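J.: Given the sequences, and given the hints that come with them, work out the whole structure.
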Amino acid sequence: MAKFDRARFDVLVIGGGPAGLAAASRAGQHGATVGIVDDNPKLGGQIWRATCEQEHPQTARWSEQLRRANVTVFAGTRVLHQIEPGVLLAEQMQSAHELRYDKLVLATGARERFLPFPGWTLPNVFGAGGLQAMVKCGLPVIGKRVLVAGSGPLLLAVAAYLRNCGARILMICEQTSARALAQFGLSLWREPAKLAQAFRLKKDLAGIPFATRSWPVEAHGSEALESVAISRGGKGEAIACDYLACGFHLIPNTELAALLGCTIENGYVSVSDLQETSVPGVFCAGEPTGIGGVELALIEGQIAGLVAAGQIADARQLSRQRRKALCFARGLEQTFKLNPELQKLAKAETIVCRCEDVTYSRLRPYHSWTAAKLQTRCGMGACQGRVCGPATQFLFKWNPDSVRPPIFPARVESLALRATAATNS
Amino acid sequence: MPERVTVTVNGARVDVACGSTVAVAMILAGQPCRASVNGESRGPLCAMGICFECCVAINGVPHRRSCQVFCENGMEVRTDG
Amino acid sequence: MSDDGYEVAIVGAGIVGAACADEFARRGLRVILIDREAVGSGATAAGMGHIVVMDDSDAQFALTHYSQRLWQSLRPELPEDVEYDQCGTIWVAADEEEMAEVRRKADYYSERNLVTDVLDEAQLKTLEPNLRPALAGGLLVPDDGVLYPPCAARVLAERAQQHGAKLQLGCAVERMEQGCVQMSDGHEIRAEFLVNAAGAVAPALTPGLEVKKRKGHLVITDRYPKFLRHQLVELGYLKNAHAVTADSVAFNVQPRRTGQILIGSSRQYGAEDKEVDHDILSRMLQRSQEYMPALGSMSAMRTWTGFRAATPDKLPLIGPWPGDKSLFLATGHEGLGITTSLGTARILVDQITGAQPEIPIEPYLPSRNAKEQVHA
Ligand SMILES: Cc1cc2nc3c(=O)[nH]c(=O)nc-3n(C[C@H](O)[C@H](O)[C@H](O)COP(=O)(O)OP(=O)(O)OC[C@H]3O[C@@H](n4cnc5c(N)ncnc54)[C@H](O)[C@@H]3O)c2cc1C
Ligand SMILES: Cc1cc2nc3c(=O)[nH]c(=O)nc-3n(C[C@H](O)[C@H](O)[C@H](O)COP(=O)(O)OP(=O)(O)OC[C@H]3O[C@@H](n4cnc5c(N)ncnc54)[C@H](O)[C@@H]3O)c2cc1C
Ligand code: FES
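Chains as they are written, first to last, in my numbering: chain P, 1 to 425; chain Z, 1 to 81; chain B, 1 to 376.
Heads up, some of the hints might be wrong.
What the hints assert, rightly or not - Sample of chain Z residues at the chain B side, in silico, Cβ under 10 Å:
| no. | residue |
| --- | --- |
| 1 | C55 |
| 2 | H63 |
| 3 | E72 |
To be verified - Cut-off 25 Å, straight-line C-alpha distance, at most; resulting in silico cross-link-like pairs (SDA-like, lysine to any residue):
| no. | chain 1 | residue 1 | chain 2 | residue 2 |
| --- | --- | --- | --- | --- |
| 4 | P | K42 | Z | T6 |
| 5 | P | K42 | Z | G49 |
| 6 | B | K213 | P | D401 |
| 7 | B | K314 | B | G270 |
| 8 | B | K226 | Z | V37 |
| 9 | P | K347 | Z | N38 |
| 10 | P | K144 | Z | R4 |
| 11 | B | K274 | P | A258 |
| 12 | B | K213 | P | D102 |
| 13 | P | K144 | P | G221 |
| 14 | P | K347 | B | E80 |
| 15 | B | K274 | P | E265 |
| 16 | P | K42 | Z | Q68 |
| 17 | B | K226 | B | P293 |
| 18 | P | K144 | P | A224 |
| 19 | P | K397 | B | R36 |
| 20 | P | K347 | P | R320 |
Stated by the list, open to error - Stretches of chain Z that chain P covers, calculated by requiring three or more beta carbons in the stretch to come under 8 Å of a beta carbon on chain P:
| no. | segment |
| --- | --- |
| 21 | 9 to 20 |
| 22 | 38 to 52 |
Hints listed in this document are in silico derivations from the structure and should not be mistaken for laboratory results. Owing to the predicted nature of the structure, the values given are computational and were not obtained by experimental measurement. For glycine and all other residues, C-beta sits at the position ideal for the given N, C-alpha and C.
T.: Following this line, the structure appears as structure tokens:
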């Protein structure tokens with residue numbers, strides 16, 4: 001029988017990436033009882049993910065602040081549901097928790113967007129951030145031939161990281177145009193920190209071919225990946241490789257916000273200057289409010305933590321920084337907008353829903369996500385549409401349907417907890 | 001703490017760096033994680049707990065996301081589905 | 001015949017409306033089937049898809065038994081995605097009192113030529129090893145089955161289309177009376193006969209109709225092939241389902257073709273919103289674990305709710321609506337509409353075409369309640 005715990009917090013933070021760490025430590029510094037929850041077994045989120053050897057130095061720094069502020073950490077813990085206003089249900093490997101809060105900060109981050117193309121289901125085709133995470137979690141890539149493809153600044157960070165770990169980066173294929181990138185580059189002059197980062201990467205990336213208006217057309221291999229056919233500025237090319245690291249920019253994780261009833265506009269959680277969502281007492285920070293990178297995530301997280309702990313004046317001092325970082329975020333979105341040509345990558349027999357093996361041709365006849373889902377099982381699998389939802393939104397312009405609990409698959413006993421606890425007491 | 005840990009994947013021993021996830025052990029073992037509904041081999045995609053392509057049975061419990069679980073000595077991993 | 005050339009306009013493309021459209025079209029009538037959303041997107045998308053014979057009343061038995069045979073004869077024509085599986089039902093008896101009910105049920109069914117098998121504790125254990133120990137026994141009804149309702153509805157709608165029926169989706173109907181269906185965009189469709197098959201929201205189109213929403217919750221797990229073989233329903237369900245007022249939960253689990261397990265069930269009156277009610281959900285799952293402890297560690301992938309269309313006497317409304325000679329009803333199927341859709345379609349079309357129905361239709365006529373009031 002699973003263990004069952006109850007806990008109560010003045011401020012509860014969901015997500016242990018930069019935004020969540022900043023929110024929890026700021027709230028904690030001001031005397032609030034704070035808890036922080038993350039699905040990953042270690043804190044740090046995506047960018048500050050720990051490696052086998054060590055915690056990321058930034059995570060270590062913020063974790064130290066969490067310790068000083070007596071913040072309770074729930075790692076390897078996923079939030080499943082809000083079972084009544086102010087009470088979240090969360091699950092660990094062997095236990096379940098009812099977490100009560102006065103104020104809630106959602107810092108649930110983003111995931112990669114995956115687009116279907118023939119062969120994308122082959123083993124050793126990873127997300128770009130996906131392969132990076134695998135390497136941080138112990139996968140050796142010394143001497144491995146890696147093709148990095150898709151879209152977004154993440155591709156550069158991943159290529160640089162993998163190269164430093166000994167991989168041979170064959171090429172970076174970016175779907176957006178050189179022109180869009182140049183415009184974005186110009187605007188970076190207004191962002192010294194970003195620029196420094198870009199330059200640093202430039203050195204790390206020296207000698208790696210960088211192709212714009214380029215993308216994978218088909219991944220080949222019998223049991224696992226062997227080669228990738230790409231379209232490079234309109235021309236075909238075949239590249240033999242061990243791994244394909246492919247992601248098309250980022251999609252915010254808004255499931256929990258949606259479940260709580262927060263207003264979501266154009267895919268992002270709507271927030272005020274003080275990170276307040278439309279639901280009183282619920283704040284949101286980091287990628288769910290707009291894909292803006294780590295600086296913005298940190299600022300938003302601090303604001304959310306401070307306001308949640310009642311320190312509004314302190315929070316307001318960060319407004320200017322926030323506005324500046326927001327400009328960068330808008331630029332990102334424009335620059336890495338998907339080329340409509342990518343809609344043609346999926347062929348009739350290409351699998352779109354990986355959980356249920358639903359092909360493009362089976363989805364084509366339907367007019368809505370709901371109808372397609374009911375008839376083909378697309379989106380009914382374990383990922384709950386996290387992969388095929390954004391893909392079909394791009395391919396067919398379908399709008400995903402409402403979010404239902406549990407927002408992650410959960411053990412039956414965790415969902416039964418309420419009644420079990422009532423029976424036992 | 002030991003530098004390496006050993007798990008079994010479908011009965012075969014696999015040696016990984018301490019702190020590696022089970023998903024990594026699957027790749028080092030040269031094994032896909034699961035068979036899809038129509039029998040295709042699948043391995044990890046997102047490595048962040050979102051896609052569920054890396055699900056395996058760990059110590060007899062099926063449908064565990066191998067990218068979210070660290071290897072421990074003696075862990076028994078089997079291909080899912 | 002009307003200007004539009006339709007003899008029949010059916011509102012609601014759930015499994016009931018789709019079955020009616022199929023039946024009308026195959027008997028040569030010109031039909032239009034209208035839905036505000038997609039085929040099978042209402043209660044039909046939420047239902048368990050248990051094709052089950054029930055005996056709360058003689059009339060319920062007659063319609064469910066008749067319908068189940070119709071499903072069996074349709075079976076060879078059903079494509080893979082309907083997932084028809086004749087897995088059988090086991091009514092699980094927890095104690096001697098419920099075993100007495102098993103024997104009563106067995107007698108009732110066998111008097112009506114339906115094969116059943118009374119199981120003792122050991123036989124039950126053999127058939128379903130994952131049930132908890134120390135249950136009294138059960139009743140196996142081997143002819144019962146399960147299917148996937150939205151695809152079944154689609155197949156029926158497609159069959160109707162192959163026989164000339166027109167399908168109009170994405171059109172909300174505002175009013176239907178006196179041979180005219182009015183859409184919310186102002187468009188009108190005329191037909192000699194109108195069929196209200198709008199499920200639990202049928203009263204919005206036919207005021208005065210005694211149909212109430214009865215909310216249910218379901219949970220589906222990941223794939224666990226061979227864990228469960230039959231649809232299992234606790235006999236305590238009878239006691240529970242009969243309680244018309246209180247919220248109730250019952251152990252009711254179903255093996256899907258996919259290897260997934262569908263866990264039910266709950267019944268609530270007066271709940272109008274679609275939200276998952278966590279207290280009911282957790283009670284329902286707790287109940288399922290009491291019968292099948294191993295369910296507890298399984299991965300639940302999704303939960304949802306749906307509304308059954310409940311009538312005061314728990315029988316559907318099939319036939320003419322008094323007061324409007326163009327209007328017919330096909331609703332009020334409560335928790336059995338997937339099963340009884342085919343029987344409903346047959347006897348409704350029989351009534352309209354003047355054919356001889358194969359079972360007595362009086363218990364389902366919408367006028368029955370009015371009659372009772374006169375007699376009372
Ligand atoms: C795969 C990936 C790799 C990236 N790599 C880089 C990089 O190398 N360099 C770079 O500059 N930027 C990178 N980024 C972008 C970077 O993550 C963001 O710019 C920024 O750091 C986001 O911070 P955050 O706190 O908003 O979100 P994140 O860092 O994404 O943190 C969100 C956290 O919330 C947790 N979470 C979500 N939902 C739940 C729930 N229901 N229950 C419990 N926990 C939950 C997640 O597990 C996650 O740890 C990457 C993004 C992704 C998606
Ligand atoms: C939790 C649960 C479990 C169940 N399990 C079973 C089971 O195991 N076996 C079984 O036999 N039955 C079961 N049922 C019952 C079964 O699902 C229903 O009886 C059946 O689906 C009813 O079908 P219907 O076509 O009458 O209604 P619906 O499927 O609700 O169809 C009505 C249609 O009308 C449309 N509509 C409504 N108003 C308008 C309008 N104004 N304009 C246009 N269109 C409109 C809707 O969009 C909808 O598509 C269950 C029900 C629930 C809720
Ligand atoms: S690789 Fe996507 S969930 Fe593990």
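J.: Now tell me if each hint is right for this structure.
T.: Hints, verified against the model:
1. C55: With a minimum Cβ separation of about 8 Å from chain B (threshold 10 Å), the hint on Z:C55 holds.
2. H63: holds, 5 Å
3. E72: Violated. Min distance 19 Å.
4. P:K42 x Z:T6: Roughly 21 Å between the alpha carbons, so the hint for P:K42 and Z:T6 holds.
5. P:K42 x Z:G49: holds, 13 Å
6. B:K213 x P:D401: This hinted pair holds, its Cα atoms lying about 23 Å apart.
7. B:K314 x B:G270: Cα-Cα ~16 Å, so holds.
8. B:K226 x Z:V37: Distance ~16 Å between B:K226 and Z:V37 Cα, so the pair holds.
9. P:K347 x Z:N38: This hinted pair holds, its Cα atoms lying about 18 Å apart.
10. P:K144 x Z:R4: Given pair P:K144, Z:R4 holds - Cα atoms ~22 Å apart, limit 25 Å.
11. B:K274 x P:A258: Holds, at about 15 Å.
12. B:K213 x P:D102: violated, 35 Å
13. P:K144 x P:G221: The hint holds at about 16 Å.
14. P:K347 x B:E80: Judged against 25 Å, a Cα distance of about 23 Å means the pair holds.
15. B:K274 x P:E265: holds, 22 Å
16. P:K42 x Z:Q68: Given that 25 Å is the threshold and the Cα spacing comes to 10 Å, the pair holds.
17. B:K226 x B:P293: Distance ~16 Å between B:K226 and B:P293 Cα, so the pair holds.
18. P:K144 x P:A224: Given that 25 Å is the threshold and the Cα spacing comes to 14 Å, the pair holds.
19. P:K397 x B:R36: holds, 20 Å
20. P:K347 x P:R320: It is violated: about 47 Å lies between the C-alpha atoms, which goes past 25 Å.
21. 9 to 20: Three-residue rule met by the segment 9 to 20 of chain Z, so holds; n is 5.
22. 38 to 52: holds (count 14)
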